[in-house]
Structures are given as structure tokens and as C-alpha cells.
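In the order they appear, the protein sequences are chains A and B.
Take the first sequence: its letter number 165 is residue 165 in our numbering, and every next letter is one higher.
Take the second sequence: its letter number 169 is residue 169 in our numbering, and every next letter is one higher.
I should point out that these hints are in silico values taken from the structure, not numbers from a laboratory.
Treat the numbers as computed from the prediction; the structure is a model and nothing was measured.
One or more of the hints may lead you astray.
Label pairs and their computed distance ranges (CB to CB) [what the hints assert, rightly or not]:
1) ALA177(B) <-> GLY18(A): 33 to 43 Å
2) ARG43(B) <-> VAL54(A): 37 to 47 Å
3) ASP67(B) <-> SER24(A): 52 to 62 Å
4) PRO132(A) <-> GLU101(B): 55 to 65 Å
5) GLN30(A) <-> ASP110(B): 45 to 55 Å
6) ASP67(B) <-> TRP32(A): 27 to 37 Å
7) MET53(A) <-> ARG89(B): 27 to 37 Å
8) ASP167(B) <-> MET51(A): 13 to 23 Å
Backbone N, C-alpha and C fix where the C-beta goes; we use that ideal spot for every residue, glycine too.
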Amino acid sequence: MGQAQGAGQQWVRRRWMGVLARASTATLEQAWAALEARPAYDFLRRPEIGMVMVRARAGGNGQRFNLGEMTVTRCTLRLAAAGPDAGPEQALAGTAYVAGRDARKAELAAVFDALLQDPARRPALLAAVVEPLAAEQAAARRAAGARAAASKVEFFTVAREAGEAAGETAGAGESGR
Amino acid sequence: MSPAAREAALRSLPPAFAEEVLDAQACFREAMEAMARPGVPRRLPAVPGLPGPLQPATAALLLTLCDLDTPVWLDHAVCDSGEVAAWLRFHRGAPIAGRPEEAAFAVVADPASLPPLDHFRLGDPEYPDRGATLLIQVADFRDDRGPLWSGPGLAAPLRLQPLGLPDRVWAERRALASLFPLGLDLIFTAGSRLVALPRSTRLED
């Protein structure tokens, strides 16, 4: 696998992990029930609830600060090997970190993450599960954005005319008007 | 480790306890009993998978005792495959110590190349409990030879020799006795059994 391809795949996986983590448990449960073949899996790490510190920067470039803690549930599991002669190296491991305390959701998201790493199953799963969820989440985000935009108040500073600014002495500032 | 290598390691990673809380409690109880009765072998519950050269008792103890706050030093026999380090980091988040003196726990699969005991952390007078605990894998235990063990927890002195342990270790252990309460706690493992040699136990010929 080439370096660029590896990085690209990592990005693709990051995207579907995000989409799965934001999906509701009910939708994941539906998608799981809709699968033709539901593989067996065993847990490397059972769903466990923990806290993570969310850090932020004011304005995107200020000092980093601790915004607050949030609850996160994580899970790692391994699919049973596909064929009878498949060694443990062929087994696919899936991981999920989801907001909240829903163990089942973390489990389902991890199963889908593992399934999506299988090149044979990926295209179908992306089309049937990930893309619809991504579209749904994007639409919800746009709707929320539109609601917020309606109440948006613009604060801005009027720039002084170029000529006027040049005519003034430095330090005179706004008090001259 | 690159993300791809990490992913590959995850695919073949042995699992931890099936019942995290109950199994860890059962192992902790056995380890505590072993420390309370030096020289008496005890059996630990099985673990579902063994990374690298670890024996069942060593793996169970590591899963029971290690966490984010316990740097673990691995000897070359354990360290070489990288599997044990990956397994410890994934399941317990334990940092891997680069040198013996940084470690809270040490795992030794090749007792012949055990570093001198005084290279490990012996604790300090305010906090003697900061002395390291060594998990040493041996072939078996023999109760018809070896030094005479006596002290707290032993109603009568007994003899015990972990097979494969070089004799110099006994001399190094005796040299540490004068530092008590500073010192090291040793746990020998063979298969799924363990024997503890806490720092309070005296060894004589």
C-alpha cells in the first residue's frame, strides 16, 4: 500500500467513523437488521463509558483551553475470520468512540467500522448505510444552521475611506469626527 | 508505530479477561494470598489469550495490576516481538518503561539475563511502597532445594527453588535485606501458578 493511498484510506475511514458515531442507535439497529449476513464477532474491549476533556481555541487560533468534559463510550471488537483457513491476521477489528453512554450504539458502530474495512463489502455498505446517514446528518445541520442564521445579527466595523485615513494624522483616530 | 502497523497489531491482539471485574478481583485475591504466604504456590484463573512469550499467570497478573500509573519494563525476551507492549497498552494503557529503574513492574521471561536487582526501583524511606515488583517467569518450582525461606507469613521455614533462576539472584536479594523496608517484591510464575517472595521474607542457606 502506498503512502498516499494509506493516508487517503485513513481519511475515508475517519469520515465513516464520524458518520456512524453521530447516527442514532435506532438507525444503526435498522441498518444492522437489514444486513443480509450478520457476522459473528468477539470483543477486544467491551463497550466502556468514560470521560474525555474537550479542548478548544477561541477563534480557532487563540490559547487552547479546556472547554469541558463529555461522556464517551468506546468499543473495539473483532469479526470472526471470514474463511475456515483464515488466520487471525485476516480478522477485521473495528473501533468506535461515540458521545454519550449508549453501549449498544458503540457496539454497532464498531461492527460497521470493521465491516467497512473489508474491501469486498465496503462499496455496498457505503452506499446503503454511510451515505444516507451522512446526507441525513448534513440536512439536519443545514436546517439547524438556517434556523440560527435567521436570528443572526451582524456586528462589523465600518472601514474608513482610504483618502480620509491618509489625510488624518496618526493617533487622531475616531475622536476627530 | 504507524497507523497501519497499529491496525495490523489490533487484528491479532489477544483479548483481556472475559469478565473484567470478576476475573481481575479473583486474580487480585490470589496474588494477595500469595504475598501473605511466601513460598506457597497458588493457581491463577485462566486468561483467554496470551501475547508473545507470556505464561498464563504472568498475563493474568499484568491485567490485574497494571494501569496508566504503572510503568512496565519488559526484558528482551518479552519485548522483542512487540506484541506484549501492544497488548498492555491497549488493554491497560500502561506506559512501557525504557529502563529498569523507571518501572513499577518488570516482566522477565529470561531469568538468566535478569539485570542486577539493585538496578530496579527500591522505594525511598518516605515511600518504601514505591519499590518495584518483578514478575519472573521460570520453568517450575522445586521444594527439595534452594534457600530456606522464613519470616512473616511462614509458620515454618521452607525450601523453594524456582527452576532456571541463576544463583547470583539469591546473593543480590540478600544484599537488599539490610535496606528493609526498602526493597523489591518478587513474584515467580510458572504456567498458571505463582509464588511470591516479598521483601519481608528472609533467605538462608
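Enumerate the violated hints, using their earlier numbering and listing them in ascending order.
1, 3, 7, 8
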